[in-house]
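Asks: These are the residues of each chain, in order.
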Amino acid sequence: DAGVTQSPTHLIKTRGQQVTLRCSPISGHKSVSWYQQVLGQGPQFIFQYYEKEERGRGNFPDRFSARQFPNYSSELNVNALLLGDSALYLCASSFRTENEQYFGPGTRLTVT
Amino acid sequence: QKEVEQNSGPLSVPEGAIASLNCTYSDRGSQSFFWYRQYSGKSPELIMSIYSNGDKEDGRFTAQLNKASQYVSLLIRDSQPSDSATYLCAVNVLGNQGGKLIFGQGTELSVKP
Numbered sequence: 132d133a134g135v136t137q138s139p140t141h142l143i144k145t146r147g148q149q150v151t152l153r154c155s156p157i158s159g160h161k162s163v164s165w166y167q168q169v170l171g172q173g174p175q176f177i178f179q180y181y182e183k184e185e186r187g188r189g190n191f192p193d194r195f196s197a198r199q200f201p202n203y204s205s206e207l208n209v210n211a212l213l214l215g216d217s218a219l220y221l222c223a224s225s226f227r228t229e230n231e232q233y234f235g236p237g238t239r240l241t242v243t
Numbered sequence: 165q166k167e168v169e170q171n172s173g174p175l176s177v178p179e180g181a182i183a184s185l186n187c188t189y190s191d192r193g194s195q196s197f198f199w200y201r202q203y204s205g206k207s208p209e210l211i212m213s214i215y216s217n218g219d220k221e222d223g224r225f226t227a228q229l230n231k232a233s234q235y236v237s238l239l240i241r242d243s244q245p246s247d248s249a250t251y252l253c254a255v256n257v258l259g260n261q262g263g264k265l266i267f268g269q270g271t272e273l274s275v276k277p
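Chains as they are written, first to last, in the numbering used here: chain A, 132 to 243; chain B, 165 to 277.
Because the hints were derived from the structure by calculation, they are not lab data.
In this text, a Cβ means the ideal position worked out from N, Cα and C, and glycines have one as well.
A hint or two may mislead.
To be verified - Computed list of lysine-lysine pairs in DSBU-like fashion (alpha-carbon distance at most 35 Å, straight line):
| no. | chain 1 | residue 1 | chain 2 | residue 2 |
| --- | --- | --- | --- | --- |
| 1 | A | Lys183 | B | Lys276 |
| 2 | B | Lys206 | A | Lys183 |
| 3 | A | Lys183 | B | Lys220 |
| 4 | B | Lys206 | A | Lys161 |
| 5 | A | Lys144 | A | Lys161 |
| 6 | B | Lys206 | A | Lys144 |
| 7 | B | Lys276 | B | Lys231 |
What the hints assert, rightly or not - Just a sample of chain A residues kept apart from chain B, beta carbon distances all over 10 Å, derived:
| no. | residue |
| --- | --- |
| 8 | Val150 |
| 9 | Thr151 |
| 10 | Lys183 |
| 11 | Phe200 |
| 12 | Ser204 |
Please model the complete structure; the sequences and the hints are all you need to start from.
Replies: The following block contains the structure:
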């Protein structure tokens, strides 16, 4: 069975640019969550979506936004990139919001 | 106080020994608890979930939960060098409409041959 997929795997952007990261959940899973992980720390929660509706939002600025599509895939957008946005961005899918979450391979974003 | 706390390590154990990883959490309403393993440069991999007090065993792994003490642990028996990784404790904090995983900072485990 295919796991969670994310694209792209790596990305290099300059400050002030905008980026879109994509995620496809495990087949049958209806919830997608996004996390940011910087080196040496655990993942930090950004968003959770279920059935195309936002169900949770972490402590991130409004430059971060996301959406979920009818096929349950999701996009994370980050505007006006800062150097501090450099991190591994992880997508996790689950059947529902309270179930086990399974992570994709992540997108490594570098902002220069 | 951090919501989920782990000893950052590194924790070093000899091959074949038992590795014990600990985690405490602050939200008494939490109902779901998870352990993830993360190899360097990779994404977290779910290895154990536990929802009720007591022990849950899966192969060489045992998760232990004590909600009264707000404490979760992971035991790895017969540790192997391939177990060397960072272990992340995660707690599912349920909000009005959904849940979010709150992670500890992870414990780095090194298993020496």
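Asks: Checked against the structure, which of the hints given earlier come out wrong?
Replies: 1
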